Every structure is written in C-alpha cells, then in structure tokens.
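Residues per chain are reported as follows:
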Amino acid sequence: MRVLERLGHRVLFPRAQTCCGQMHYNTGYQADALPLVQRFVKIFRDKEVVCVPSASCVAMMREHYELIAERSGNHDFLCQVRTLLPRVFEFSELLANKLGVLDVGAHFEKRVTYHPSCHSLRMLHAGDAPERLLRSVRGLDLVNLPEREQCCGFGGTFAVKNADVSNAMMQAKCGAVKLTGADVVTALDNSCLMQIFGGLHRAGQDVRTMHIAEILASHGGAAS
Amino acid sequence: MNVRVGKTAAAPEFSVAAKRLLGDDQLRQNVHHATDIIRAKRALRVEELPDWQELRDAASEIKAHTLRHLAEYLEEFEHNCIAAGGEVHWARDADEANAIAIGLIRRHSEGRDGAEVIKVKSMTTDEVQMNVALERVGITPYETDLADMIVQMAGDEPSHIVVPALHMNRFEVRDLFRVKMSLPELGEQPHDLTDAARMYLREKFLAIKIGISGANFAVAETGTVCVVESEGNGRMCATLPDVLISLVGIEKVIPKFQDLEVFLQLLPRSATGERMNPYNSLWTGVHAGDGPRAFHVILLDNGRSKQLADERERETLACIRCGACLNACPVYRETGGHAYGSIYSGPIGAILSPQLQSLEHSRSLPYASTLCGACYEVCPVKINIPETLIHLRGRIVAEDQKSLKGKLNQQSLAMRAMALVFRSTWRYEAAQKLGQRGQWLFERGGYLVDLPGMAGEWTRFRDLKALPGESFREWFQKRDVNGGGEA
Amino acid sequence: MTGAREEILARVRSALPDSSTVADYSNIPRAYRQFGLLAADAQICILKDRLADYDAQVIEVAEEKGIADAVRTAMAAVDETRLFVPSGLPPDWTPRGVELIAVADSAAEMDRAQAVLTGCEVAIAETGTIVLVHSATQGRRMGTLLPDHHLCVVRREQVVETVPEGWQALAAFAREPLTTISGPSATSDIEMSRIRGVHGPRRLTVLLVDCGGSGTFSA
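Chains as they are written, first to last, in the numbering used here: chain A, 124 to 347; chain B, 20 to 506; chain C, -19 to 199.
By construction, these hints were calculated from the structure, which means they are not laboratory data.
Now the stretches of chain C that chain B is said to cover, found in silico as 3 or more residues with beta-carbon under 8 angstroms:
#1 10 to 22
#2 85 to 91
#3 97 to 109
#4 120 to 134
#5 150 to 158
#6 169 to 178
Computed list of lysine to any residue pairs in SDA-like fashion (alpha-carbon distance at most 20 angstroms, straight line):
#7 B/K60 x A/Q273
#8 A/K284 x B/V35
#9 A/K284 x B/D419
#10 A/K233 x A/K301
#11 A/K165 x B/Y447
#12 B/K325 x B/V22
Values in this document were obtained by computation on a predicted structure and should not be read as measured data. Even glycine gets a Cβ: it sits at the ideal position worked out from N, Cα and C.
With the sequences and hints as input, model every part of the structure.
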C-alpha cells in the first residue's frame, strides 16, 4: 500500500474479500472453490486495477478462473471473468510492467537474496522484473540464490500432508539461503516465505524473511 | 478384467514410504548425484537446439492426434505387421499378456521344460510383472540391461525409469557381481563392472533362443517397431534369437515413419542428455536371413483404454518414458523412486499409476507433489502434469465424499470448514480474531512451535510467526475511518 | 484371442469422438527445422566433431580406391586379421592380406570375425549418427553387432545436417531393418559415470571418403 500511495495512486482494500480459492481447487475440492471465485469476481469486477501481492493467487486466477467459469455454465460469469483478468496484476508485475516503474524510492541497506516462487517463475513468467526492482533499491546488496529454481517445499496442503518431504525440500532451500550470507530472503509469495522462515527460525538462523513489498516500502536501513 | 501395475496393490502410502526413505542418506546422495548430472546434461543439449519448443509442439500434437484416432492406428499397425510376417496378439490385462507370452514361449520351445529367455529393458513387462509369471511356470528370464540385471540379481526394484539402479553405488554393485558371477576378485571401477557384465551376458546372447522386448514406438504406416537404447543388448535380443516377442502398450503407436524424426530428437536429449543415443533398432515383421524367424507383438491395454474418454487423462498416454520429469522433480530428488510404490514413479508415475488402476491403488500419489511445474517444463510431449494432478485430486475427493468415512476424515472436515469460513466476510474475520485470541495457548516467545492435529505436521519442522495483534484489514479499517493519507 | 481384440478396440472406439484422420493428421504443426542451413563442408566439420566426441576413429580417404588400404592399416594397428564383409560390398573396398569371412549363418561363426566393414545409407552430422539399412552393402544385423571393430565407409554425398533430412533419406527403406549408430554402446548405470562398450563393437572407425582431407585422425 505504502509503495503504491508513494507513487501517487489511490488504494482501496475491499473488506469483503477472503480467499481466491487456490487451496481448495488445488487440493481437489473444486466444487468448494467455485463460490470463492464468484465472490472474488463480484467484489473486484468494477475496479480499475487489482493488485495481488501473491504470485500463486494470480497464477490461480490466470490458469483456472476461466475454466471454472466455463464449467459453471454461466455465460455472464464467464464474460465477467474474461474482462476482469486483464486488470489483475501481481505486485511486482504491476510496478515493473504495468506502471513501468523500477525505482520506487526505496532505501534498504541489507544483503538480500531473492527466491523465485514456482508460480512466479513458471506460470507468471515474471522473469527478472522482481530483481530489477530490488536492484533499484538504494543500498541493497542483491546476491544470487544458488539453485534458486528448486521449489521450497510448501505446496499448500503438501506441507502438512507430506511434512517429511516438505521438510527435506525446505532444508535444501534454507541451506542455499545460508550459502549466500544474506541478511534477508525475499519473495513474491508469503507462503514460500512462511515455509522458509519456519525452517530458518527453527534452526536458529539469523536471517529475516520479508515480502518484496516490505522491502520496496522501506525508507532506511531497516524495514519500517 | 484385472488391471495390475507392478506391486502397487501392496505399496504403502507415499508419505509413509517417503518418511522411511528420507532416513537413507546413501540413497539420497545417490539420487541427488544422478539427477543433478542428467538434469545438467539435458539442459545443455536442449539449449543447443533452436527449435526445441517447435519439436515439443509437434510431438504433443502427434500424440494427441494418434490417441484421438487410436483404434484406426492400432488396426493399421496390426495389418502392416502381419503383412510383413509378424503375429499380433491383444491382451486386455496383465494376466492375459503373461498368458500369451507363456503360450508363445512354450510353442517355440517344442514342449521342452525350463526354457530360458533374454529380456531387453521394458517397463511394460515390469508393469505386468512378466518375470514373476514366467518364473512361476519354470521359465527363466534373464534381464540384459545392465541396471535391470543388477536390480534382478539383487532381488530389488527399479527406482527410476531410465536409470533403474540409480539408488545403488559401485561398491554395492561390485559385491553383487562378485557373488552372482563368481568373480571374487572383481574391482569396483565402473569399467571393470561393465566388462564383467559384457562377458557374462555375451554367453547368454549367443545361446538363448527366445527374446522378449518392449517397444518405444510402433509405426502404424509400416508395421515397424523401434527400440531405443544405449547398451547394445536391445540389438542382441532383437537379432540373435530365433523368436522375438515384443510387449507393446497400445499408446506406443505413432502414425507414420516420418514422425520418428520428431521423437528421435526429443527422446535422447530428454532421457540421457545426448544428441542421439548409441543405438536405435527398427524392424518390420520378419526379415528373411536376418534375425528372428518368428516375431510376435502383444498389444497391451491394462487400463489404458479407460483414460481415453477424458481429454485431460488421455494426455497422460502421450508419455514416451524419457524420465526427464523424474530428474526435474524436487520431491523425487528427496525420496527416490521407491517411495511411489509403483514401477512408474516420479511425476509421470503420480498421474499414470492411479489412472491405470482407476484409483483403487496409488491414491496417495497425486498428492505427492507441490505442483511446482518443473516437470511440465521439461516434458518433451508437453503433458500438463500439474493440471492432471489437480484433476486426479478432484476425482479422489469426489470419491471420498461418497462415503461417510470419507466425508469425516480430518482433511475433508478441515477443508469444508474453511470453505464455509471463506464464503463470508464476518466468518472470515471472526476466524481471524479467534486465531489472534486463542493462539496464546500454543505461543512461545511470539512464535507457534507446537500445534495440535494436522497443523502439528507444520510445527514438527517449522516455527510459525504468531498472528499479529492487529491484522491488515483491522489496520486499514482504522485508517479509513481516520481519513486515510500516507501512513 | 479374438475376444480380446474386439473388446479392446470397442473400448477404444467408444471413448473417442469420430473425426477424419487424414485431415486431422495434416493439421499437425511442424514448425521445427526440416533441413539445415550449413554448407556441405561445415556439415562435415560437425560430423567429424561428433565422431571425435564419442571416440570414434576417423580416417579421411581422398577417394574410393583408397578404402582398402585404409582398412588394412586400421586393422593392423590393433592386430586384427579376420574381417566380415557383407555380400554386396564393392569388391575393391576389401583389403588383401586379411582373412575374409563372407558367409556367417550362425552367431558362433560371426563371432569369429574381429572386424566388419560396411557402407552406410546416410550420416547425420548434427548428432553424429550413421544409419545402416541392413541390405547387401550393409549386411545382416548381427554382422555389425558381434565383431568388436566396425569400420564404416561414409561418402561425402551421404552426409546431411539434421535428423529430419536423414529420415527423409530413409523413407524408401522404412520397412527394412534399420540401425542408427551414434557412437559405441554406453552405460551410465553405475553412479552415472559413462562407460563405453557394453555390447556391440567397442571400436568404431569411420572412413570419410572425399570429405576434404586425407590421413588419420583419432580422438
């Protein structure tokens, strides 16, 4: 919010919103996801631009919302989805692609490493937009995360249904983070960050996790 | 009809098997090492081609087209194979395939007992457990692919589509050969082991009169069968014996000879990271004066025809068994193939195994994935594995909802409850407040470290930040009321 | 068994919609490269590179009449004396001074040969692949499988750049026995370390005829 307002935009948070339906849809409860999709469309369809600080939610919308609408058999609903989707952006996409802004006036003097979440990498094709944004932050030292494309192991319900494997994947990710010597690991998705934080903190590692928006909103040496 | 896929009926759930295998450090090291290598080689050889994506597009469409017209292409293949002197048999399930094979072996053994057969690597024969069926009636099958031979000698199971003995290292193989080949002084250098295998198997190739293979491709236009290999044992088994029996899944058919130009570029680069694998053997029926005098194809259904009706499921049948998805998968990387309890492991196994068997078995496999999409990225025929996993999860949940037990399992209750909460703003915010107020029960120094029930699976390995005292929406509400502006 | 055939085909048919196969096939997108863009000399360069990459011995022979001598020299260098030659091989390719095995009906007889000399149908430069059509000049399949040394003649005009071009050249032989050879056999089954020469010839010598050079190049 801070970043967008700093850039002169008016930001609303419709209170009625709850969830995009990804968790239910991906776990096999597709029927339960439909009302959540309908809800999202109803709440946001008349908005100029929808900013979503979560690559996985945007991926859900782009990959599945049309299909879900088609299956519902409601043609009006399908049209609403089709006209809404082009106005929905993940946060870093919104800045770098839609608004064409890389320097958002941020100042953050830490060593930071970036974890590209699977959805942003393979479904949104975010490319290097997040990194270009990070590089434009004054004082920020961006270091490359080894084996960055490996999934962190969160995977929604996978993290609890297959906790042991999720842990093994998390350990690999945390190991890579450790190698960078970074103070902060950042990403476009809080789900990945929750997983990575969970492992780092349990292991007593002194590395913070911060969503990219928090870094871009920063004014000084520490996040405000 | 009784569809059977290897030993899946008795396999433990994925999460249970995985937990056990995660404790095997040697295995995990072997798997990391092997998959890292193949992944790197594949990437190199794929980047080299300027038209990789175009090849994938063509392959995906050729397969989709063939599957849409499968009956016609199967008949065309059968017609042309017979015209060239081959015999074509049809098997509805595993048992029928084995019965046909046994019948043919007996026919060609002139009633002698204790026949021996040499086998080329064929996952399809593993799927129907042909070796078990043969041994049961006193026929001895000898695997001739190095890794399959190793696995057979060790009484073990293959753990990877392309590199079945990936889970074993050189010392383990040396010890095995020392005993089985009576070579007590054998060293563990890979070339020593390979030399030993060469001599041991050459004897068999020259003596045994019946060969069994699979097929990578069966060309409808000409009745040609194509076997793709690296070691040369395929050439041995396809040309030296008097009789050759090839077990071919019905999905292996491709329309025309020309179509091989696409698949023979995609398969070697995807499977082993080579521009071309050492040997491809193509033959059509029987060739006078060159190779087997009798050639039999057994076309196998074993659950495949079922998948044709649904377009999403049909796509799974496009698989050309390259194994690239296994090498790319971060889950497979940690557990290896045995965790999947099926001859088909990794991402493709997670969708193929349950589909062949109509969800009676392998039900945990569609959940053995984070949906990261790495598999789809590397699949040479563009099977959308993540979408298929979601589709199968939907089928599993739908089946569960039919029974009371299914409706009341922990996951189901949790998901239905959350769906209820997410459908209403006040319920959502009430749930948030409940969490904020109630979490002190589990909180320690600002973190949740030991939660009950399914949530406990999270805290087994991870700390969780406690919910903040003021949620974002609470903050926003207040700000709005106070007139907004820069916070 | 007719029961199984009918049942399977019926199940398959009932699962699928009806539509025209021929029209559908012609709609398959083929935007991949159908032919290469390199000049012949560049193609040959690449072929040599690929052959060297998998440790094949490459002997450049200026013209066909040099083949026999080159073969004899190559065999002598590794103390080989017994050579299998397919019946249709051009007679002036076969060297004197070696024991020729021309007829081998059994594997045991073929196994006596230490080396085998054949031509090929086409050579694909991009992948270093030599394709044999097992006919008169290239001989029956076990001929290039059992002996430990395969010497193969590749003529300049037989070299193409890409796999689709190679496959086009084979179209007329689609119903013949075919073997594509891209290096000696190999396995990476033991700890992923690649070992060459599991089954099949461990030595591959390619005689490039009229390909712009002369002499022997070994990797």
